[in-house]
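The residues making up each chain are set out below.
Protein chains: 2
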Amino acid sequence: MKKAVILTSGGLDSTTVLAIAKSRGFKIYALTFDYGQRHKRELSNAKKVAKYFKVAEHKILKIDLRCFGGSALTDNIKVPRKKNLKSKKIPSTYVPARNTIFLSYALAWAEVLKSHDIFIGVNAVDYSGYPDCRKEYLKAYQKMADLATKEGIEGKPIKIHSPLINHSKAEIIKKGMKLGVDYSITHSCYNPTANGLACGKCDSCRLRKKGFGEIGLKDPIKYVV
Amino acid sequence: MKKAVILTSGGLDSTTVLAIAKSRGFKIYALTFDYGQRHKRELSNAKKVAKYFKVAEHKILKIDLRCFGGSALTDNIKVPRKKNLKSKKIPSTYVPARNTIFLSYALAWAEVLKSHDIFIGVNAVDYSGYPDCRKEYLKAYQKMADLATKEGIEGKPIKIHSPLINHSKAEIIKKGMKLGVDYSITHSCYNPTANGLACGKCDSCRLRKKGFGEIGLKDPIKYVV
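Chains A and B supply the protein sequences, listed in that same order. Following our numbering, the numbering of the first sequence begins with 43 at its first residue and continues without gaps. Following our numbering, the numbering of the second sequence begins with 43 at its first residue and continues without gaps.
Don't read these hints as lab results, they were simulated from the structure. Be aware that a few hints might be false.
The list treats identical chains as one, so a pair stands whether inside a single copy or across any two.
Computed cross-link-like contacts, SDA-like style, restricted to lysine to any residue with a CA-CA straight-line distance of at most 25 Å [to be verified]:
| no. | residue 1 | residue 2 |
| --- | --- | --- |
| 1 | 216 | 189 |
| 2 | 130 | 235 |
| 3 | 131 | 197 |
| 4 | 130 | 198 |
| 5 | 185 | 155 |
| 6 | 82 | 227 |
| 7 | 90 | 122 |
| 8 | 93 | 252 |
| 9 | 216 | 79 |
| 10 | 177 | 227 |
| 11 | 90 | 198 |
| 12 | 156 | 122 |
| 13 | 104 | 220 |
| 14 | 251 | 114 |
| 15 | 260 | 199 |
| 16 | 177 | 189 |
| 17 | 260 | 155 |
| 18 | 201 | 95 |
| 19 | 104 | 79 |
| 20 | 156 | 182 |
| 21 | 220 | 155 |
| 22 | 45 | 168 |
| 23 | 44 | 105 |
| 24 | 130 | 196 |
| 25 | 243 | 224 |
| 26 | 104 | 85 |
| 27 | 185 | 198 |
| 28 | 69 | 264 |
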C-alpha cells in the first residue's frame, strides 16, 4: 500500500482531503501542528478525525509560531468578524509562511517514510485570500520540493496533491459526504468560545455555513450564533 | 537600518554570512534551531556568535526533526568518517528537508519583522552534496517565497541571499578573517565528543580543516585528532 502524508487540521477541508486520499487507496500518515493557534481546540478534532479514519499514524508536532506572531491567530490581534468574503485583501488571520512551514515538515516526513504523496486541503474559491492557498504558489512549491529532496533529485519526486484547489465549499462538502465524512467531528472556527462553540462570525465560520447552506444542509456542529 | 534574518548555526559558514550581512549595514536577527541534532553543542556556539556580533535579537527555536529521523544527525545512524569528499552521493548526514524547514521559519520571521532580506550560509563547492545546498534549489525556493507571502505578492519580495554559494571553504575563511570573524567561537563537527571536541574525521571537520590548510592557517578550534 502506498503511503501518503496528509496535513490534517481537524477542519472541513483537510478532513475531506484525508477521505479522498483514503478512497484512492493510500495508507494515511496524518500530520497536525500545535503551532500556538488561538483555535487550539482544532487539535482535539484532528485526533477525532485520525481515529475516525483509522490512520496508520498521527503525529501532532508542537511548533511555536506564536514566537513570531504577526497574525490574528497567533498574536494579540482581534479576529475580524465582518470581512467582505469577496474582498481580495489579505486578512489579519493570515499566518506568515504557515503553509510553507507545514508543507516543509510534510516533505521531511514523506522523504523519511519513502512516501511520494502529500495531500493538502487548500482551496482557492471560497477562501480567505491567503497567498499560500493559491495554485501558483503550490506549483512553485512543487518545483522547489523536487530540487530540495534526495528523493526528488533521484527521480522519485514527492507530489503535492491539492484536490480541492478549484472547489467551492459546497462542492467540498458534497464530495466529503459521498466519501462518508462525518462533519460533526470537524472544526473550522478561528475564534471558538471557551467551551468550544464556533463563533459563527469569523471568515472561516461564514464560509463553512455558506457551503452547507448552498446545498440545503444544516451544518452538524454547534454555533454561538 | 534595514533588518535581515540570518540562519545561524554557530558554524563556520553561517558565522561568515552573519559578518557579511553586518558589513552591508543590516540590523541582525539571528535564527537558530535546536532540532534534535546530534551536535547540539553548536547551540552554545551560536549564542557566542550572536553575542560577538551584538545582534539585535537571537531566537533559538526548538523544533523536533528527531521525530522523523532518517539522518545520521537526527537518528541512530552512525556519522560516516571516510566519505570521499569528491563523491556526488548524498551522505547519511543529509537531514530531509532541513534547509526548506529552516528557510520557511526565516520567511515567517522576516515577514513579521517587515524585513526583506534573509541570509543563509550554504555553499556548493566544498560541501557534502546535500540537495538543499545548491543554486538551483535556492532559485526555486526564492520563486516559491515570492508567491507564498503577503509581502511578496504586494511587490516587496523577501530576498534570500546566499553569498557563499560559489565559494570554497578557503575563500570563505579568508573573507571572514577580513571581516573580523573569530573562528575560535565557531563549531562545525557533526560528531563532537562529550566535552565538545571536534572529531576531525566527519565530512564537516575534514572540509573545515582542508579550508584552513589551503590558506596556510591553523584552525583555532580543538580536535580529537
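25 Å Cα cut-off: does residue 185 pair with residue 155 within a copy, between copies, both or neither? For residue 185 and residue 155, only the intra-copy Cα distance (20 Å) is at most 25 Å; the inter-copy one is 27 Å.
Quick one: residue 130 to residue 198, C-alpha cut-off 25 Å, is that within a copy, between copies, both, or neither? Classified as between; 17 Å across copies, 37 Å inside a copy.
How would you classify residue 69 and residue 264 at a CA-CA limit of 25 Å: within, between, both, or neither? neither (32 Å within a copy, 49 Å between copies)
Go through the copies and call it for residue 93 and residue 252: within, between, both or neither, with a Cα cutoff of 25 Å. neither (28 Å within a copy, 53 Å between copies)
State whether the alpha carbon distance between residue 130 and residue 196 is at most 25 Å within one copy, between copies, both, or neither. between (40 Å within a copy, 12 Å between copies)
Within a copy, between copies, both or neither: where do residue 260 and residue 155 come within 25 Å Cα-Cα? Cα proximity of residue 260 and residue 155: none, with 39 Å in one copy and 42 Å across.
Is it within, between, both or neither when you check residue 45 against residue 168 at 25 Å Cα-Cα? Classified as neither; 29 Å inside a copy, 36 Å across copies.
At most 25 Å between alpha carbons: which applies to residue 185 and residue 198, within, between, both or neither? The answer is both: 13 Å in one copy and 22 Å across copies each meet 25 Å.
At most 25 Å between CA atoms: does that hold for residue 156 and residue 182 within a copy, between copies, both, or neither? both (22 Å within a copy, 23 Å between copies)
Intra/inter-copy verdict for residue 104 and residue 79 if alpha-carbon distance must be at most 25 Å: both (11 Å within a copy, 17 Å between copies)
Homomeric proximity label, residue 90 with residue 198: Cα distance no greater than 25 Å: Cα proximity of residue 90 and residue 198: none, with 33 Å in one copy and 41 Å across.
Quick one: residue 260 to residue 199, C-alpha cut-off 25 Å, is that within a copy, between copies, both, or neither? neither (41 Å within a copy, 43 Å between copies)
Figure legend: structure checked against the earlier numbered hints; hints not met, in rising order: 1, 2, 7, 8, 9, 10, 11, 13, 15, 17, 21, 22, 23, 28.
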